[in-house]
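Residues in the sequence shown are numbered from 286 upward in steps of one, following the numbering used here.
Any given hint might turn out to be false.
As the list claims (entries may be wrong) - Using C-beta positions, here's what the derived DEER-type ranges look like:
{"no.": "1", "residue 1": "His541", "residue 2": "Gln378", "range": "28 to 34 Å"}
{"no.": "2", "residue 1": "Gly370", "residue 2": "Leu406", "range": "21 to 27 Å"}
{"no.": "3", "residue 1": "Glu287", "residue 2": "His538", "range": "55 to 61 Å"}
{"no.": "4", "residue 1": "Asp451", "residue 2": "Ser523", "range": "32 to 38 Å"}
{"no.": "5", "residue 1": "Ile361", "residue 2": "Glu424", "range": "37 to 43 Å"}
{"no.": "6", "residue 1": "Arg362", "residue 2": "Ala423", "range": "36 to 42 Å"}
{"no.": "7", "residue 1": "Thr468", "residue 2": "Gln418", "range": "22 to 28 Å"}
{"no.": "8", "residue 1": "Glu313", "residue 2": "Ile361", "range": "35 to 41 Å"}
{"no.": "9", "residue 1": "Gly386", "residue 2": "Pro317", "range": "36 to 42 Å"}
Hints were generated in silico from the structure; no laboratory data involved.
This structure is a prediction, so every number in the text was calculated from the model and none was measured.
Here a beta-carbon is modelled for each residue, glycine too, at the ideal position from N, C-alpha and C.
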Amino acid sequence: MEAELGTALLVRNTRSVVLTTAGAALAESAPPALAALDRAWDTARSAAAGELGTLRIGYSLSTGAETAPALVDRLIRGNSGLEVGAVPMATPQISPTVADGRIDAGITRGEQPGRGVRRFLLRRARIGVQMAQHHPLAEHPEIEIADAAAYPLRLPDRAANPVIHDQLSALFRDTRTHPRFRTPAVSFDMSQRDLRDGVTLAPAGEAAATAQPAGFTWRPLRGAPSLTIHLVLPREQSPLHRRIRAVAKALAHEMHWLPD
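Use the sequences and the hints to build the structure in full.
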């Protein structure tokens with residue numbers, strides 16, 4: 286160090302070693318500089334591990350009842366240097382918006398089409414029907430698909446999510462009773478008056494059972510395939526994207542969202 290600086294840092298004799306003026310100045314300024322260097326290294330490591338930055342997540346309204354909030358909460362709690370913003374979006378727009386980088390990740394029901402993205406299965410959920418608690422079918426722990434088809438069925442507008450709309454409507458395609466589908470004038474309207482009055486049934490995933498208003502209940506449909514919820518990430522992934530994927534995978538395992 287003395288050779289590099291071109292000056293003596295210590296005065297040495299047979300009895301003692303004493304700092305020179307230059308040595309004292311270096312001893313005073315070096316620890317803060319080294320601490321700042323350590324912080325810079327830690328920051329770089331955190332960024333490389335995907336633990337630092339701003340994360341933008343788009344989610345479909347139907348995943349906002351349980352799945353999206355759980356993932357956002359886990360990302361925030363596990364990464365203090367991560368700022369997370371989540372906004373509801375129309376399902377058909379999520380994959381294209383992830384692909385062009387306007388958002389970093391998406392959460393959708395169903396395996397939505399889209400180029401430039403990768404989809405990871407986050408959750409499988411049973412399909413059932415939501416109904417008023419006083420509905421005649423509510424007394425059954427499970428409901429036959431044919432029995433549900435005897436009532437008007439409330440489905441979201443196909444434009445809001447063609448994949449899920451087609452999957453739900455296909456459940457009743459082969460029933461003896463020709464299904465009668467109704468599309469609410471307002472998607473995800475909070476009143477759900479036709480359901481509350483027992484006029485219709487609403488095919489829905491089991492998340493509806495945990496986030497439904499008072500006066501409603503949910504029953505599984507016997508023999509129905511599961512609904513799927515997917516995490517959507519860009520095809521070319523940064524450390525931040527890999528962090529999202531790792532957290533989502535751990536959360537799905539902990540919450541038993543996927544079969545073993």
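Now for the hints, and whether the structure bears them out:
The beta-carbon spacing between His541 and Gln378, approximately 30 Å, falls within the hinted interval of 28 to 34 Å. For Gly370 paired with Leu406, a C-beta distance near 24 Å keeps the hint of 21 to 27 Å intact. At about 57 Å, the CB distance of Glu287 to His538 agrees with the hint of 55 to 61 Å. The supplied range of 32 to 38 Å is met by Asp451 and Ser523, whose beta-carbon atoms lie about 34 Å from each other.
Distance hint for Ile361 and Glu424: a CB-CB separation of about 42 Å, consistent with the stated range 37 to 43 Å. About 37 Å separates the C-beta atoms of Arg362 and Ala423, a value consistent with the hinted range of 36 to 42 Å. For Thr468 and Gln418, the Cβ-Cβ distance of about 24 Å falls inside the hinted range of 22 to 28 Å, so the restraint holds. Separated by about 40 Å at the C-beta atoms, Glu313 and Ile361 satisfy the suggested range of 35 to 41 Å.
Distance hint check for Gly386 and Pro317: the Cβ-Cβ separation is about 38 Å, which falls inside the suggested range of 36 to 42 Å.
Every hint from the earlier list agrees with this structure, and none is contradicted.
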